[in-house]
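Undergrad: These protein sequence lines map, in sequence, to chains R and H.
Just so you know, we're using our numbering here: the first sequence kicks off at 1 and counts up by one.
Just so you know, we're using our numbering here: the second sequence kicks off at 1 and counts up by one.
In case anyone wonders, no lab produced these hints; they're calculated from the structure.
Quick reminder that beta carbons are idealized off the backbone N, C-alpha and C, glycines included.
There could be a bad hint or two in this list.
[Claimed, not checked] Cross-link-like lysine-lysine pairs, in silico, DSS-like; alpha carbons within 30 Å at most:
| hint | chain 1 | residue 1 | chain 2 | residue 2 |
| --- | --- | --- | --- | --- |
| 1 | H | Lys126 | R | Lys129 |
| 2 | H | Lys126 | R | Lys59 |
| 3 | R | Lys129 | R | Lys59 |
[Said to hold, decoys possible] Computed spacing ranges between beta-carbons, pair by pair:
| hint | chain 1 | residue 1 | chain 2 | residue 2 | range |
| --- | --- | --- | --- | --- | --- |
| 4 | H | Glu8 | R | Arg99 | 32 to 38 Å |
| 5 | H | Glu8 | R | Glu89 | 21 to 27 Å |
| 6 | R | Ala49 | H | Ala263 | 33 to 39 Å |
| 7 | R | Ala50 | H | Leu187 | 41 to 47 Å |
| 8 | R | Glu89 | H | Leu261 | 52 to 58 Å |
| 9 | R | Gln152 | H | Gly209 | 52 to 58 Å |
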Amino acid sequence: MWRLFGAALVLAACGMFGALVARARTERIRVLGELETAFSMLATEIGYAATPLPEALLKVSRHSPPPVDGFLERAAGEIAGPSGVPTAEAWAAAVRAQRSRWCLAREDEAVLLDLGPYLGQTGAADQEKHLRLTLTRLGRLHARAEAEAHVQSRLWRYLGLCAGGLMVLLFY
Amino acid sequence: MTGQDRFEQEIVAVMPPRLRPLFSALPAEVRERVTEIRLRVSRPVMIVLAGDDHWFLGPKGITRDPAGAFTFGADEGAQFLQFISRSSVYALEEEFRQGYVTLPGGHRVGFCGEAVVDGQGVRTLKHVAHFNLRIARELPGVADPVLPYLISRGRVCHTLVVSPPGCGKTTLLRDLARQISRGVPALGLGGLNVAIVDERSEIAACHRGVPQHDVGPRTDISDRCPKAAGIFHVLRAMSPQVLITDEIGRPEDGPAIMEALNAGVSVIASAHGASWAEAASRPALKELAGAGAIERVVVLSRRRGPGTLERVTDPRSGRHFGNKPSLAAVCMS
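Chain H with its partners taken away, still in its complex shape (with noise of 0.2 Å):
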């Protein structure tokens, strides 16, 4: 299927009847490069491009003036979830609870509304009015820059991927699973058995169970387990030769980790930060930090656009192995 017709049948297809012949009607350039739609209830639909906020659409295209724009109505809202959820609203109170749903093709809808509190927390949400939408696009070998790097002598390096938000850590997550899953003859790595421990699925987006993600022949998913938990069931469960997490940052996070690599387990994280520095002074990694597990630190940026290789480094010796700005090109373009 190409890209123009996964947009089609994936993206336009749940939209209100309202909004498909102007999502219908984009360039195929435009398509191409939408990340986010954000809707919101009564006021101008707004598309989110790479790397270029705040276009509004409009009906002749899309707009930087959000007074000419298509206004979402409360109607369309309500179309909208109907969509999303197959008619089956009441299906979805996990996803209400957690905040967002993972659509075929792997694409993310958040939502937001007047949440229903009981004792226990959120239990659902009602008024549902703020829809953002976030388009999943595999990107195979956005992480060949990196990969040469974070193996030694045939085994994947204990890694951690720290950049703010929104700067590619998933993506280069989700190519790291299918390459080390597949193997990389041309860097001497066959093929490993590797477990994604997915608390939010957006690594693999499993819909139903299926990975929506070529996440590799030998990757088995966790999928919206809570991420201390997922990283044991695995353990025990699936003998994995490589784990795969995202947004490690709670403080049991630090001790299922270290749980795995005593297990001789290679682990590929993610964190939030600008930094190792920063990353490391959180309390789920200074256990890790401190004890020196991590192998390579990899740095993100959205310096040229999301996926900008800062450095990758060795955070016991301090040793930087490069500095590849060919990632954003890879990451984003």
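Bound-form chain R, shown alone (with noise of 0.2 Å):
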């Protein structure tokens, strides 16, 4: 009885890892879409509204949804506050801190950190293309993720299930 138990609760254990993986591929999709949003709007307030950066960065965030709300206003936070560190940096480190908050891989959060360096540097017509750019690299994250979240999340899914058999297989 308890060994039926325990092969039921290690392949649920193994099938849960699976689906969780497999929805961190699904979220990172969402995030990456959310910031694409985010930086067409941030895009329009610097190059229509020419609003400064901390009240642009609240302005968005006012109109995502998490986990962007919660860089963006950290980002906002950092960039403006009285600590009088270089904007780049202030934005490098609203990214790190975000790290644990969202489910992006390194190369999104690269695209991130590389406008950094541009943001609020130049003028407005500068600072569109840098924001254009940016929003080009996640479109292709964003196209790549979704095409290979069909067959990877499947894969997890099916991966955790296997891995929990063959546990459970092996242990009996």
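Assembling the complex is the task here: the two chains are given apart, and the hints tell you how they should meet.
TA: This is how it looks when you write it as structure tokens:
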């Protein structure tokens, strides 16, 4: 009886692990999409309204769902904060602080970090160009993540269950 | 907030990180006398104290020797630009065209760089490498020695403040605005509605529409608007009793001032010049002088330091109202 219960537990745990990894893949796609929307709004705030960066980030954060809202709010706080660190460092600190809160891959974060040294440092037309470039790069990652998601999500779910089944067979 | 706190929060806070400890370490008596900080990429940081030029910022404080001073690097230039723009250089494009930006506290940063020119003039600046941070200080009471001569039978006389640059014209206008707006019961003057046409944002030093200096409770400000247009605008929109504006000199300024005079508004303005005769020869003032419209001329100089009051005269009769060197002591010491 206890062996049967243990086997079910191992199977469920492995299945859940696979499902979690699969869910992270789907969540990454959602966050990339939300970031694209946020950067489009930021480009408008900067290019047309010339809203100062901290205010623009806060404004966009209010229209963004979690975890993008938290990231933008943090970035606004770091940039406007009294510590007086350069914008690129403040931006990078906000990206790093977000690592445990979202499911982005390192290549996604690299796109965000690449924007930091240019953010707010040049004229409006140039800022728009940098934001459009970031949007294009995020768009590519988004499309690739979506294409891979169908296969990988199913793969991780099955892999979890299969690994659980294998462990049960080995233990018995 | 004390002067020390203001220096720390408004000046030191916008400096590049490497410069902050050097400025923070300046003795209180030096901080109180700093009028300008000149930052030029690849050259030593220069500090101008009231009436005493050419000090440089070194690791042991200020020094006369530029060789031992802190050299302002290109990175520091970019950081300074970032801090004064609050990480939003793109939001300063109009300020780049104008050549200066007003900071919280009313301090002004003028800058130079490589001009990007299009068919309509300077579009923006790039490679900004020269900064002049002018520290704003309110000097309440600086107009006290002059004000009694500018009020006649309960009304403010049409007045022109004349001096070469850097002699305290704007400081005097600011205090006149504050006192006239509040009212001066001792002189029989109730508070009046004042409009300041502040084309260069120096008198009230508005930051996001809010004056950074005390210019009085009944004062409206047309900020950064071309002077003549600003005068017509405030006359139409704000019904002022007194109009104050700085540095009249363009041909279109004269007719705009005449319009205000004809509307029954008392005008206090300033103009560059060492004397009334010199100022009155300028095209913008010829018509005003010819019409006998100016009732009082206040002449300032730097003879005993910025803000030395040379004389107050009625240019129509040539009458002198007094010679009050005390203004120098009040103004910049």
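Undergrad: Take the hints in turn and mark each one as holding or not.
TA: Hints, one by one, checked against the model:
1. Lys126(H) x Lys129(R): holds, 17 Å
2. Lys126(H) x Lys59(R): Within the cut-off at roughly 28 Å; holds.
3. Lys129(R) x Lys59(R): holds, 21 Å
4. Glu8(H) x Arg99(R): 32 to 38 Å: Between Glu8(H) and Arg99(R), where Cβ atoms are some 35 Å apart, the hint holds.
5. Glu8(H) x Glu89(R): 21 to 27 Å: holds, 22 Å
6. Ala49(R) x Ala263(H): 33 to 39 Å: holds, 37 Å
7. Ala50(R) x Leu187(H): 41 to 47 Å: holds, 45 Å
8. Glu89(R) x Leu261(H): 52 to 58 Å: holds, 56 Å
9. Gln152(R) x Gly209(H): 52 to 58 Å: holds, 53 Å
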